[in-house]
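Residue numbers (our numbering), protein chains in the order written: chain W, 783 to 1134; chain H, 783 to 1134.
These are computed hints drawn from the structure, not numbers from a lab. It is possible that part of the hints are untrue.
Given that identical chains are not distinguished, each listed pair holds provided it fits within a single copy or across any two copies.
[Said to hold, decoys possible] Below 30 Å or equal to it, Euclidean Cα-Cα: the simulated DSSO-like pairs (lysine-lysine) are:
1. Lys850 / Lys1130
2. Lys1099 / Lys1130
3. Lys1130 / Lys1043
4. Lys1071 / Lys1130
5. Lys1071 / Lys957
6. Lys1033 / Lys962
7. Lys964 / Lys1033
8. Lys1071 / Lys1043
9. Lys1033 / Lys850
Number of protein chains: 2
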Amino acid sequence: MDNHIVIMAGGIGSRFWPMSTPEFPKQFIDVLGIGRTLIQMTFDRFLPICRPENMWVVTSAHYVDIVKQQLPQIPSENILAEPAARNTAPCIAYACWKIRRRLELEGGDADANIVVTPSDALVLNPEQYRRVISSALDFTAGSSAIVTVGITPTRPETGYGYIHARSNQGEGIIKVQEFKEKPDLATAVSYLEDGNYLWNAGIFVWKLSTIVSSLRRFAPSVAEVMDEIAEAFYTDDESRVIETLFPTCEKISIDYAVMEKSPDIYTIPGNFGWSDLGTWGSLRQNSAKDADGNAIVGPSVEQHECSGCVVHVSDLKHVVIEGLHDYIVAEKDGRLLICRLSSEQRIKEFQK
Amino acid sequence: MDNHIVIMAGGIGSRFWPMSTPEFPKQFIDVLGIGRTLIQMTFDRFLPICRPENMWVVTSAHYVDIVKQQLPQIPSENILAEPAARNTAPCIAYACWKIRRRLELEGGDADANIVVTPSDALVLNPEQYRRVISSALDFTAGSSAIVTVGITPTRPETGYGYIHARSNQGEGIIKVQEFKEKPDLATAVSYLEDGNYLWNAGIFVWKLSTIVSSLRRFAPSVAEVMDEIAEAFYTDDESRVIETLFPTCEKISIDYAVMEKSPDIYTIPGNFGWSDLGTWGSLRQNSAKDADGNAIVGPSVEQHECSGCVVHVSDLKHVVIEGLHDYIVAEKDGRLLICRLSSEQRIKEFQK
């Protein structure tokens, strides 16, 4: 049974304005200044365990050309355009129903093992990552279980949802007790001490048949739309049908639609240096830094007496910063932000 | 006798990088964001007392086109290009010898009253300025005196040279005792208390015949080069001769060449809101400021919790600054500087 990878790449990255904009969001940016964008790094991470013909990207119609340009190895028919954002359940359903249709048309095994992943997370240890994913794939291949990869927490993070596992024994597959929303700090501290709580990284492993039947059971309205769309897959009518029917899907997350309802959810703890790079602060932490702790990405940036800054410059030719401590300096396409790292939660209100 | 105005516009404005660059320096910039550049404001200031045909600009050959574009009222033959910078004495001599040649060719009065002024200073009260200049012109018209306009000091400034006047009685013309270099703070305080010391603003008033004979006497080598050049003025050979001979002039300031040597130097105290806008701090002081004391010039600059900043943005489309206090933010042509106002003396070392 072949593995398929579904990369979800529809986010708009508004916390990273102006580096990330709705026209060209974070997952398509070389945020670390290492020569590969986040979605390219996601692709690279799976390449040893999945042929590009079995990789799929679901993204906004606006980003299809960017994906084609950044991931030319993926067949363009595997790049699925959402005419409107409908959260993760319709996104995942779209890819899975499309994979199912391809398998039907190919006439071989009608089932497949699938990994669903965000496009914009960072993994510092891809080999360990692939070991965890392979364990999960081995497990789902022989069962109708759903596996969500859990990240072993390293701090009482209040910015993530948590997975409450039934035990923390070993590194293997563990049954999930329940999912927890983003906690307050005291709760996050207790989760960390408890040891049975893992970060929910939004990485899912399941068989095609499992997710299809789970969606049918727990999100039947989404499954019905997909059944209708699926008849048009690989026909001349495909684009028109997608554009007409996809937006009629309910806006619903896969967590709410399936994960919190299915009795058959497992997790596998991962300890592979994961970060969702969800804040400028975490971007700074995960970047190469100079002796003064500044993470600087840009062609010609010179710092004097600066420390703890994160600088991301795209189009300026030459930048000199002096006497800044713990600031964000970000520029792209004629937009410039200078902002304290401690104020980064205000960035959303700045981009009117 | 007609008045002539000589505007010296050869400076490179290196303290204001990157707003000001050697390619497009400060005097050609609308530094206050009011719709007129500093050299245009200098022109405007003299227009009520001088016809444009009697205005002259001496500048680097690189800036001639900028001057023509910014001051189209001044005849292009009055825009004098220095092939190389040779400090103020050759600059002033060039203009005065040229004026003399024009008067000779016109066959009328061979003398004229002349004001020499920098192009990049600010005058907040131009009417009062013109009253002072007119008094000086009245005085020099009937004498062979040299008048240097002195600015009544308002603080113990260590960044300017001082004029030691013989008395501080009244607002009229006073004999100059001596010129003083930039003082240390204690000396500057004593100058302020003394009351007989004025800032040297580099504004000179004299008759053509006076400055020509003074240069002949105190800087004969410069005068000799000018005599040779003058034969080519208003001929086809002019450019070639200037390019060949002007660079052979000694590099010498008018202060050192004439002012400190001539026995016939007077000053007239001016109290017309003068600033040489020599620092970002003085630029901030002299600009319109928001309620938080930020002086912001630029098309779309938004500040949150900033104070005491000076922001000058030329090409960026949109700028958001947050949490900056007493900083310079300056951008032009793809170059960006963010620097504490207290560190602005370091800007010269930043622009390699």
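To see whether the hints hold, each was checked on the structure:
1. Lys850 / Lys1130: Within one copy only: 29 Å inside, 46 Å across.
2. Lys1099 / Lys1130: Both: 26 Å inside a chain and 18 Å across chains, each within 30 Å.
3. Lys1130 / Lys1043: neither (32 Å within a copy, 65 Å between copies)
4. Lys1071 / Lys1130: both (26 Å within a copy, 26 Å between copies)
5. Lys1071 / Lys957: Neither, since 39 Å and 62 Å both go past 30 Å.
6. Lys1033 / Lys962: within (20 Å within a copy, 77 Å between copies)
7. Lys964 / Lys1033: within (20 Å within a copy, 71 Å between copies)
8. Lys1071 / Lys1043: Intra 43 Å, inter 58 Å, cutoff 30 Å: neither.
9. Lys1033 / Lys850: within (26 Å within a copy, 62 Å between copies)
The structure does not agree with the numbered hints 3, 5, 8 stated previously, though it agrees with the rest.
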